[in-house]
Amino acid sequence: MAASPAPRASVLKATGLVAAGSFGVQISAAVSAGLFAAMGPFEVSSLRMLVAALLLLALFRPRLSGRSRREWTGIVVYGIAMASMNVALYLAIERIPLGIAVTLEFLGPTAVALASSRRVPEYLCALMALGGVVLISLAPGGWFDPLGFLFALLAGVFFAAYAVLASRVGKSSAGFGGLALSVTVSSLCTLPWGIGQAFTTTPEQWGLVAVSAVLGIALPFTVDTVAGGLTSARVVGTLFALDPVIGSVVGLIVLGQSLDWAAFAGILLVAAAGALLVWSAERPDSGRLDGERLDGEPGAAPPPPPA
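Residue numbers 11 to 317, in this note's numbering, belong to the letters of the sequence shown in order.
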C-alpha cells in the first residue's frame with residue numbers, strides 16, 4: 011500500500027510552524043516600515059540581516075569544514091534567495107500597503123504548489139488559495155503603484171525559490187548550521203548597503219532592528235526550515251497562504267489598513283484552503299492526478315537532491 015505523501019500530524023506541525031513564522035515576518039515588516047524614512051529600505055534590510063546572522067551563528071555554531079561542494083552550493087543559493095526576497099519585499103512595502111505586497115509575493119509559492127502538485131486535493135487547495143489571494147488584492151479599491159507591484163512580484167519569484175529551498179535544506183544534512191551559514195551569505199550580499207548606516211544608527215533604532223531581525227528572519231527562517239523537513243515543498247508552498255491573511259490582519263491592527271468585503275472573503279477562502287489541505291493529507295491516493303505517482307511509490311520521481 012502506498013504511503014501518504016503528507017501525514018496529517020506532519021502537516022499540522024508544519025502549519026503551526028509556518029503560522030508562527032508568518033506572524034513574525036508581518037510584525038517585523040510593520041516595525042521595519044517605521045524605520046524607512048530615517049534609514050531607507052536597503053539599509054534596514056541589511057542591518058537586520060546582519061543581526062540575524064550573528065545571532066544564528068552564535069546559536070548553532072556551524073562547521074565550515076567537511077561540507078561537500080553540493081552542500082555549499084545549496085547554502086549559498088538559499089542565502090541569495092533570502093537576501094533577494096527580503097530586499098524586494100521591503101522596496102515593495104515602501105510603496106504599497108503591507109497586505110497587498112505580501113499578497114502579490116505569495117503568488118510565488120502558490121506557483122510552486124501548483125507546478126509540483128500530484129494529488130487532486132492539493133491541486134485544488136493551491137487554486138483556492140490563489141483565489142483568496144486575488145480577492146485580498148482587491149481590498150484597496152483601485153490603489154496601484156506599478157513599481158511597488160513590480161517589486162512585490164519580484165519578491166514572489168524569490169519567495170518561490172525560498173519555498174523549494176526551505177524543503178531541500180530542511181531534509182538535507184546541512185541542518186541548522188547550514189541555515190546559519192545561508193543567513194550569513196544573505197547578510198554578506200546586503201552588507202554594502204548597510205555598513206555605512208551602522209555607524210549612524212541610534213541605540214533605539216538598533217533595538218527596533220534587533221526585534222525585526224529576530225521576528226522577521228531568525229524565527230521564520232528557522233521554523234520554515236523545520237517545516238520543510240516535515241513535509242513537501244508543495245505543502246509548505248500552500249501553507250504560505252497564511253502570509254497574506256496574517257499580513258492583512260497585521261496591516262489592520264498595526265498600520266490601520268481597513269479591510270472590505272473582498273479582503274474578508276479572501277481570508278475565508280485562504281483559510282478554507284489550509285483546512286482542506288490538512289483534511290486531505292491522509293486521503294487515499296485515488297485522488298491523485300492520472301499518470302502521477304506519490305512520493306515514495308515505485309516508479310515515482312526521486313526527491314530533490316539535498317541542498
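Be aware that one or more of the hints could be misleading.
[To be verified] Distance ranges between label pairs, derived from CB positions:
1) A68 x G206: 37 to 45 Å
2) G26 x G76: 30 to 38 Å
3) L201 x G44: 17 to 25 Å
4) I263 x L64: 26 to 34 Å
5) S78 x A275: 28 to 36 Å
6) G50 x S75: 31 to 39 Å
7) P17 x R80: 45 to 53 Å
8) G266 x P156: 48 to 56 Å
9) V221 x V130: 37 to 45 Å
10) L157 x V130: 49 to 57 Å
11) L160 x F274: 37 to 45 Å
Keep in mind that the hints were calculated from the coordinates and are not lab data. Beta carbons: idealized from backbone N, C-alpha and C, even for Gly.
Go through the numbered hints given earlier and state which of them the structure violates, listing their numbers in rising order.
1, 5, 7, 8, 10 and 11
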